[in-house]
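Given the sequences, and given the hints that come with them, work out the whole structure.
Protein sequences, first through last, are from chains H and B. Whatever position you read off the first sequence (first residue = 1), add 111 for my numbering. Whatever position you read off the second sequence (first residue = 1), add 4 for my numbering.
None of these hints come from the bench; they were simulated from the model. Glycine is no exception: its CB is placed at the ideal position from the N, C-alpha and C atoms. A hint or two may mislead.
As the list claims (entries may be wrong) - Here are the computed lysine-lysine pairs in the DSS-like style, where the Cα-Cα straight-line distance is at most 27 Å:
1. K509(H) - K55(B)
2. K140(B) - K512(H)
3. K55(B) - K140(B)
4. K651(H) - K257(H)
5. K512(H) - K55(B)
6. K512(H) - K56(B)
7. K373(H) - K394(H)
As the list claims (entries may be wrong) - Covered stretches of chain H, going by a simulated chain B footprint (3 or more residues, C-beta under 8 Å):
8. 160-167
9. 483-489
10. 494-500
11. 504-511
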Amino acid sequence: MALDPVDVVIVGAGGGGGIVAKQLAEAGWRVVLLERGRTQNFSETGHYELRSQRTTVLGNAFGPDDERHVRVRQTDGGEWVKVLPSDGGYNNIAAVVGGGTLSYGAMAWRFLPKDFRMRSTYGALTGSTLEDWPVSYEDLAAYYEKAEWELGVSGKAGANPFEGPRGKGYPMPPLPFNREASVLAPAGRKIGMHPFPIPMAINSVPYEGRGACIQCPHCVGFSCEVDAKGSTAVTVIPRALATGNCELRTECVVSEVLTDEKGRARGVAYFDREGKLVEQGAKVVVVAASATETARLLLNSKTKLHPHGLGNRHDWVGRNLQGHAYSGAFGLFDQEVWDGVGPAARIAACDFNHGNEGIVGGAMLANEFIRMPYLFARSVRPPGAARWGKAHKDWQRKWYKRSMGIKGPVQEVPRWENRVEIDPRVKDAWGIPTVRLSGAKHASDLKTGKFVAGKAAAWLRAAGAIEVFETLPGRGVSGGQHQAGTARMSKDAKSEAVDADCRVWDVENLYIADGSVHVTNGGFNPSLTIQALAYRTNEKILASGHIPKRQ
Amino acid sequence: MHSMSDLGRREFVVLATAAPAFGARFDGEDARWIEALMEQIVPEDDVAGAKKAGCLSYLEVQLAGPLKRFALDYEQGLREFRSKYPKFLEMSFADQTGLLEGMGRNAFFEMLIDHTMQGFYGSPEHGGNRGEASWKMMGIEKYMGGGHWHGA
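Structure representation (structure tokens):
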């Protein structure tokens with residue numbers, strides 16, 4: 112079935128797609144926003160922790176479901192095994208209106224200027240495809256600001272001495288420190304660090320019709336009970352729909368970007384909620400499906416003109432998959448440092464993002480989000496501690512409130528070998544070939560991880576921890592909620608997938624608006640950068656001349 | 005936290021249907037074994053252990069749902085454990101602990117550790133943590149649960 116063509120079809124109503132939808136709808140374009148998930152309300156998922164985005168032992172609260180989705184992953188031993196969405200190796204990101212921003216912790220970071228110039232800063236690195244971005248921090252600063260004001264970010268401008276120049280401050284003051292942050296702030300300063308309140312897309316005061324945070328501890332992994340979190344599901348997507356120019360279609364699974372005989376995108380093919388195959392024509396196509404699914408879609412869209420998939424003339428699509436090699440430490444304290452006041456992550460420092468001798472990059476350090484009792488029981492233990500029995504129970508009882516964690520998203524150096532590709536055999540419930548994931552971290556990441564964990568441990572010791580133990584990243588390829596890099600930007604068409612406008616090199620009316628385009632992924636949670644880029648890409652689309660200007 | 009399954013869901017459903025003894029509930033004898041092992045994992049003291057906190061009920065509820073991929077592992081694992089340690093239930097609690105500590109890594113027991121911890125420390129809505137026993141033990145009951153706590 113072929114539907115009447117519209118101006119633009121956007122694949123994915125998440126952090127990036129929601130922004131492009133709103134901007135284009137406000138400009139008067141007719142927009143269809145396709146989402147494979149549903150619109151979900153808080154009451155559906157609550158704070159039932161075993162089925163959340165934090166742990167998926169009972170399934171993914173925000174999709175995708177285990178019944179219809181499958182991927183393949185290479186084990187350390189080189190075997191290919193099937194993985195379901197609730198398995199750790201699946202590389203899941205929420206499949207729901209709002210995407211990852213519905214259940215994320217809502218840290219709203221600007222990357223630092225050097226994060227866009229990793230190759231210039233650190234030089235070529237053997238075994239890595241480390242490159243500079245074709246856009247700079249300065250190019251993005253105004254768009255970061257727009258994202259901060261439209262989504263609603265609370266924070267303290269000027270408190271982070273390592274941040275790049277900013278025009279305006281934040282639209283809201285920072286959320287107050289909880290007990291952990293109050294302990295960590297003076298301790299950090301004592302050892303020469305520069306801690307400050309984490310900028311968060313969480314309302315510290317009522318903002319744009321949404322209420323202030325009630326300071327419950329369930330931010331990361333859950334949707335917000337009071338819509339204080341600036342998810343695109345409660346900010347830009349409702350505004351897109353309010354224009355009357357944007358139609359949101361949920362439970363639509365896109366199988367292919369369709370192109371014409373000249374190699375231009377002419378729309379997409381998708382399965383609607385009844386499983387019917389639908390063609391939606393459009394003058395412009397924007398893919399914002401996350402680094403794994405965007406790569407899958409480009410690679411599955413093969414034609415005579417694009418025999419290896421779209422944007423893939425030089426075999427770069429799906430490569431350079433990166434996430435963050437999280438590293439840190441836990442500390443045990445004589446006194447209670449946990450007070451249950453959310454968002455639990457309240458304090459951060461950027462002293463170790465760059466300038467670390469002998470280290471490529473580094474990470475922002477922040478205190479941890481909620482430690483779910485089950486995850487605490489299974490993963491927060493010093494080496495050699497009891498894993499079950501009376502001693503395990505006693506440890507849980509004694510230390511839960513007397514412990515805190517600090518960790519950081521270690522900036523990974525990208526590797527050509529870390530990749531998403533189409534599995535030759537396995538298909539999902541719609542018959543669409545699924546992806547297989549493979550690769551391993553660069554040795555540099557493990558070294559950086561060890562360094563960052565040491566800094567986290569030092570901060571905890573300065574805060575009075577009586578015992579400290581480090582948590583280090585594994586060797587396997589990462590991705591997950593911070594997945595990026597599979598369709599990177601580049602200055603020239605000889606490599607990579609998209610140009611500096613996030614337009615696919617070999618399809619002139621096809622754009623990407625998610626983490627796929629990140630050349631490197633910063634030492635930060637990447638959502639605000641995805642969103643700043645989406646605002647910028649929207650301007651490029653408007654200026655491209657694909658659609659005549661409207662009043 | 006849990007193993008990657010190399011079975012697709014469809015293949016799995018076929019196999020699970022073929023497993024005779026395990027539906028949503030363990031029969032009385034199997035339930036006694038599972039519950040004794042769970043109580044070793046989280047023993048009762050001045051606070052409820054796995055048994056009083058309803059960890060078996062958690063497991064039964066979830067084996068009929070999201071955990072059904074483990075049904076076969078339970079059937080085989082428990083059968084092997086029972087045949088290897090037929091006198092386990094007759095042993096004292098301390099002797100049981102000693103046996104489990106001495107038996108080395110055992111996939112069935114590892115699975116049971118994970119699911120018992122889920123039942124004991126997870127939200128009561130999932131079927132365990134009766135009376136919010138674990139949350140009260142940790143002193144965090146007012147912060148947890150359905151999200152009805154409003155402010156420090």
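Hints, verified against the model:
{"no.": "1", "hint": "K509(H) - K55(B)", "result": "holds (21 Å)"}
{"no.": "2", "hint": "K140(B) - K512(H)", "result": "holds (12 Å)"}
{"no.": "3", "hint": "K55(B) - K140(B)", "result": "holds (16 Å)"}
{"no.": "4", "hint": "K651(H) - K257(H)", "result": "holds (16 Å)"}
{"no.": "5", "hint": "K512(H) - K55(B)", "result": "holds (25 Å)"}
{"no.": "6", "hint": "K512(H) - K56(B)", "result": "holds (24 Å)"}
{"no.": "7", "hint": "K373(H) - K394(H)", "result": "holds (14 Å)"}
{"no.": "8", "hint": "160-167", "result": "holds (count 4)"}
{"no.": "9", "hint": "483-489", "result": "holds (count 6)"}
{"no.": "10", "hint": "494-500", "result": "holds (count 3)"}
{"no.": "11", "hint": "504-511", "result": "holds (count 4)"}
Violated hints are absent here; each numbered hint is respected by the structure.
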